[in-house]
Amino acid sequence: MEKNAISMRGKHVLGLEYFSPEEIQLVLSTAKEMKTIIHRDIKKVPTLRGKSIVTVFYEPSTRTRTSFETAGKYLGADVVNITAGTSSIVKGESLRDTLLTVEAMGFDAIVMRHKQEGAAEYATKVVNHPVIINAGDGAHAHPSQGLLNLFTLLEHKGHLEGLKVAVLGDILHSRVARSDIWGMRKMGIELHFAGPKTLLPRFLSEEPGIVIHDRIEDAIKDADAIEVLRIQLERQKAGLFPSNREYARIFGINNERLALAKDDVLILHPGPMNKGLEISPYVAYGNHSAIQEQVQNGVAVRMALLTLVLTGGKQA
Amino acid sequence: MEKNAISMRGKHVLGLEYFSPEEIQLVLSTAKEMKTIIHRDIKKVPTLRGKSIVTVFYEPSTRTRTSFETAGKYLGADVVNITAGTSSIVKGESLRDTLLTVEAMGFDAIVMRHKQEGAAEYATKVVNHPVIINAGDGAHAHPSQGLLNLFTLLEHKGHLEGLKVAVLGDILHSRVARSDIWGMRKMGIELHFAGPKTLLPRFLSEEPGIVIHDRIEDAIKDADAIEVLRIQLERQKAGLFPSNREYARIFGINNERLALAKDDVLILHPGPMNKGLEISPYVAYGNHSAIQEQVQNGVAVRMALLTLVLTGGKQA
Amino acid sequence: MEKNAISMRGKHVLGLEYFSPEEIQLVLSTAKEMKTIIHRDIKKVPTLRGKSIVTVFYEPSTRTRTSFETAGKYLGADVVNITAGTSSIVKGESLRDTLLTVEAMGFDAIVMRHKQEGAAEYATKVVNHPVIINAGDGAHAHPSQGLLNLFTLLEHKGHLEGLKVAVLGDILHSRVARSDIWGMRKMGIELHFAGPKTLLPRFLSEEPGIVIHDRIEDAIKDADAIEVLRIQLERQKAGLFPSNREYARIFGINNERLALAKDDVLILHPGPMNKGLEISPYVAYGNHSAIQEQVQNGVAVRMALLTLVLTGGKQA
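Chains as they are written, first to last, in my numbering: chain U, 1 to 316; chain S, 1 to 316; chain B, 1 to 316.
One or more hints might be untrue.
Computed list of lysine-lysine pairs in DSBU-like fashion (alpha-carbon distance at most 35 angstroms, straight line) [what the hints assert, rightly or not]:
id : chain 1 : residue 1 : chain 2 : residue 2
1  : S       : 125       : U       : 44
2  : B       : 262       : B       : 157
3  : U       : 197       : U       : 275
4  : S       : 221       : S       : 197
5  : B       : 262       : B       : 275
6  : S       : 262       : B       : 125
7  : U       : 157       : U       : 221
8  : S       : 44        : B       : 262
9  : B       : 125       : S       : 32
10 : U       : 125       : B       : 157
11 : S       : 32        : S       : 186
12 : B       : 157       : U       : 32
13 : S       : 32        : B       : 44
14 : S       : 32        : S       : 262
15 : U       : 262       : S       : 125
16 : S       : 11        : S       : 115
17 : U       : 115       : U       : 186
18 : B       : 44        : U       : 125
19 : U       : 115       : B       : 275
20 : B       : 221       : B       : 11
21 : U       : 32        : S       : 44
Since the hints were made in silico from the structure, they are not lab data.
So that you can see chain U by itself, here it is in the shape it has in the complex (with noise of 0.2 angstroms):
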């Protein structure tokens, strides 16, 4: 088959820098066979039997960890959670230790968050046998995130090249951004980013097809989609940020300033959202919403990712 042509198995998935767009392409039509499961009466698939993944958290997030956890189960893996906080596993335990451990368990796939930059990529280089998937490392990246909102953007728009994306809010420090850079572009996505004059990377402004500006309403001005950062309060603390009534004022998202933007603009936010800050309740809830659309979209990327490096092809 023309499409399997590309076997990602046993690739490591550490950010969409390292995904070709044939492979983004199939991570996605992989990913709307995957959807269709998760509407069946009986969501149980035995692509995965046999397989086993385990989570390993050193940050919260029970979003993007229930979500690869379900994706696993409903491919029927064996899915084993670690979490940094109440476990002595990696609690003064060096992470390359921990890795080892886990990998001589058995896991077929270590998915990781960690605050490090950097830390899935080491993590390759620790482990032989276990596929690495990065879940957020610092700053850099969260490859799934990007995947979902790419494939939220295909799902409503029917295409992604040329399309216009305006991204806002804490750009510098912001792991999903930096996702979208290496994926929309590689789609042939226009990106357009607007925040506080402090969190915004400037260097970037030199990129084709990446263009920085100072005011929300120009980023936002004729835009397909506009994807809403979350508000990170310990920057706030850091004195990066405005107080809050300012930055709903000045950055946030509301109806009147979605007018600015296409008729049919979809707006995405990977939460979760702290709404009447950086997102009004009428935006978060309204037509143009499709922030819950993007969790289903996530189980169904995260399914798509674990059956291709696992397996190396569908079979749903």
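Position chains S and B relative to chain U; hints supplied.
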């Protein structure tokens, strides 16, 4: 089939006030079949294979959570646990958004506990697909506990109509007592309450079949069963409770007081017990105690509930 | 079949003092078969399908808990985890009541860790149906760790009888050392202990096959294997341990000291390691180290134990 004339498929389990006597009867008869599974050598049926259940607990509880998890697994369902304490999905995220998130992931049932009365009912207004099962909402209701109490009584007494049950302790704040009021009254059981005066809902004394007693001895007299509620130690701090020693002396159930009830009186307790306070060890582990059985019946009742609301029928 | 003449069905796993050499042999030979499952593409056998296992950990441990959970899942069992830290089932509830509660839920095996010596044995007096597996009770025993040490030695050396093993560190408080004493002595292994003087159980020096050394070099001399125990940093605070730097200098295992042992000496460590303290990184990751293997063997040994006590036989 006569018995399956009623279908509970898709019914939210919010409180026993929303259950007809026929529905309660259906749960109890289904639970009886389910209990046989727990005693099998192979405790696994495919009834809920391909169904996915999430537990979302905003208040700590392992007894109830583990019981639902175990019930789901015996029935072949996938179960994912989300605890508010360790979870970013619920930290700072609105209940609405958390519910929409887990709905999007494809779960068929959401088993939830929340400190706010009415939280489970609110959940039914937020989500479309999943069935909501209330595992405790503040002082309002804990329907599966009410049902396991009924199941335990029925198993021992052979009938429910006309039984006399004494419920002792902090009635005012107890969701267990409230679930008894709805459940037991519907099945024709007479309720006798006693406890610290400040914690008795006097207004209930107007209800038919409910008697509020000043002295614990009067409530116990000739009782078929005594349900001893757990002391909530945090209420003690609020000055609503006497000291531990006083409580044990005035309200604690011991062998002496037991003698006032019927010869075959059954002792119930929702657990975990404060032995030496509301209940003496002799009573807790004595011949009359059904406390350990209640736990097992809790698994059976939850298996019945999950089966009935997710499939409508019984396929053990 | 000769080998299955011994049945361990229903046997509680409390400590290796209660295992006959034949039983230890049966576990080791079963574990050998189990280890092949971990290397299969489809790591899933139906041996324990329909069996349910609960882990109840009063002390934090992810390594051991995850290992048992993974072992159970590879064998097709259902596994439910209860952690004391986050659990109301165990908070303020007596151990007896918690055990009765999980028994009532229908679990076939309770894997438990508790700070109190004898807790697992106590559990066998409380419950009727479930098998108790001790995953560590204070300083008393950690039998599955003792067994995985034996398995690792047997795999590398081809036999156990007559081996010389050095065990280094805080012998007095170590349940691992204690499990070695029972397990290794039964299999004819000679034990040589060394460590801080305040932490050596001098009374053991009267036992046949056990030698207590003043100098670590004497213990290591001609050893077939060296087990390096983990420093318990909390003991250091109690003034029983020298400083980190001193400890590394006097008791740490490095390449220089390794040279005193046999050429094919095997390095064991129960993990997690304090590298640079009790063990140098060169030794930990060097040619002689079997530390990562021990983790895998731990899964195999636990698969064997679960299979033998729950079914009596081997059906890989």
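Query raised in the report: What are the numbers of the hints the structure violates, in ascending order?
Result: 8, 12, 20
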